[in-house]
Amino acid sequence: MADTDKALQELEDLFAAARAERPAVPDRLSAAILEDAARELPGSRSAAPRRRARQPLWRQLAEAVGGWPALGGLAAASAAGLWIGIAPPSFVPDPVALAGYEDSSTTVPFDSYDMAMVLSEDLQ
Amino acid sequence: MRAAAEEASDDALLVLYANGDGRAAAELTARLSPRVFGVAMRVMGNRAEAEDVTQEAMLRLWKMAPEWRTGEAQLSTWLYRVAMNLCIDRKRRARGGHVDLDAVPEPPDPARSAAEEMQEGARHDALQAALMQLPERQRQAVVLRHLEELSNPEIAGIMDISVEAVESLTARGKRALAAGLAGRREELGYSDG
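Keeping their order, the protein sequence lines are chains A and B.
Numbered as in numbering that gives the first Met the number 0, the first sequence ends at 123 without a single skipped number.
Numbered as in numbering that gives the first Met the number 0, the second sequence ends at 192 without a single skipped number.
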């Protein structure tokens, strides 16, 4: 037990010595790190978006409505609306019926040919 | 600027860097790179590898700067974590694939002889040689706890394990180190005590 305690104490001494002698970062490594930092500096990349200030009208409009994601949503909603208009699902009420018009087959019993025949018979 | 930079927190300096202030990078490099390099040296046991790990970890810091959220985590903890993962990746690559780093000890001969050849006789080199005998995760935990003097919860965050697992790794690591160093007591100047 005493040996173990002594060994652990000696280990603590080694840890303390190692902490006091932290290895120095070589100059060339510091230089390489700072070169990387300069290359990755956000300001150097933010210069590119500033050049995009001169944009075509369609891109300005796209950004005005919220950029490409918003434009994509707008296009999807428009396509869905058009499709529902062309081929409404069964649960969607017929807009023609809602407007108060009835089916043409019940209100117009005859086509123009039949009407002409009836009129000609009346004249005879 | 220099005096102001020295007083600023790591977080504040990274925000300055993210806003395009290149001078903040110099202060961050002076503060953080010695810590990363020190840990990488102890964990890798090889200067060239430690330099590569340090440069790569700092590069990831620069790239991450615009996304850093101040106050959510400690910058040094994040950086230690990146460095430790880089060390593990390099060890794995050196072994040619996946291995359980908790189970497999270091190959004894090359590491020990390399350390001995480089700096024979000095106590911290004996410590390094003994560290290289530990399994990877034990070595990381011991280095972070006893050489970097980080708290167990911080080490748990860095290594992505529980505090209990950190305690277990450091305890086992210390016992193994003590046993490994026992045979070198005369060499280390402890023979008369």
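These are computed hints drawn from the structure, not numbers from a lab.
Please note: incorrect hints may appear among the correct ones.
Residues from chain B that face chain A, not an exhaustive set, calculated with beta carbons under 10 Å [unchecked claim]:
id : residue
1  : T53
2  : L74
3  : V141
4  : K173
Label-pair distances were calculated between CB atoms; the ranges are [to be verified]:
id : chain 1 : residue 1 : chain 2 : residue 2 : range
5  : B       : G182      : A       : A37       : 23 to 33 Å
6  : A       : D12       : B       : G95       : 17 to 27 Å
7  : B       : T76       : A       : P41       : 35 to 45 Å
8  : B       : R22       : A       : A76       : 23 to 33 Å
9  : A       : R38       : B       : R68       : 22 to 32 Å
10 : A       : A74       : B       : E66       : 45 to 55 Å
11 : B       : N18       : A       : A16       : 38 to 48 Å
12 : B       : P33       : A       : D12       : 18 to 28 Å
13 : A       : R18       : B       : D159      : 41 to 51 Å
14 : A       : R27       : B       : R92       : 20 to 30 Å
15 : B       : A29       : A       : A76       : 27 to 37 Å
16 : B       : G70       : A       : P88       : 26 to 36 Å
On a predicted model such as this, the values are computed, not experimentally measured, just so you know.
Ideal Cβ placement from N, Cα and C applies to all residues, glycine included.
query = Honestly, which of those hints from before does the structure not fit?
reply = Numbers 2, 5, 6, 7, 8, 10, 13, 15 and 16, in rising order.
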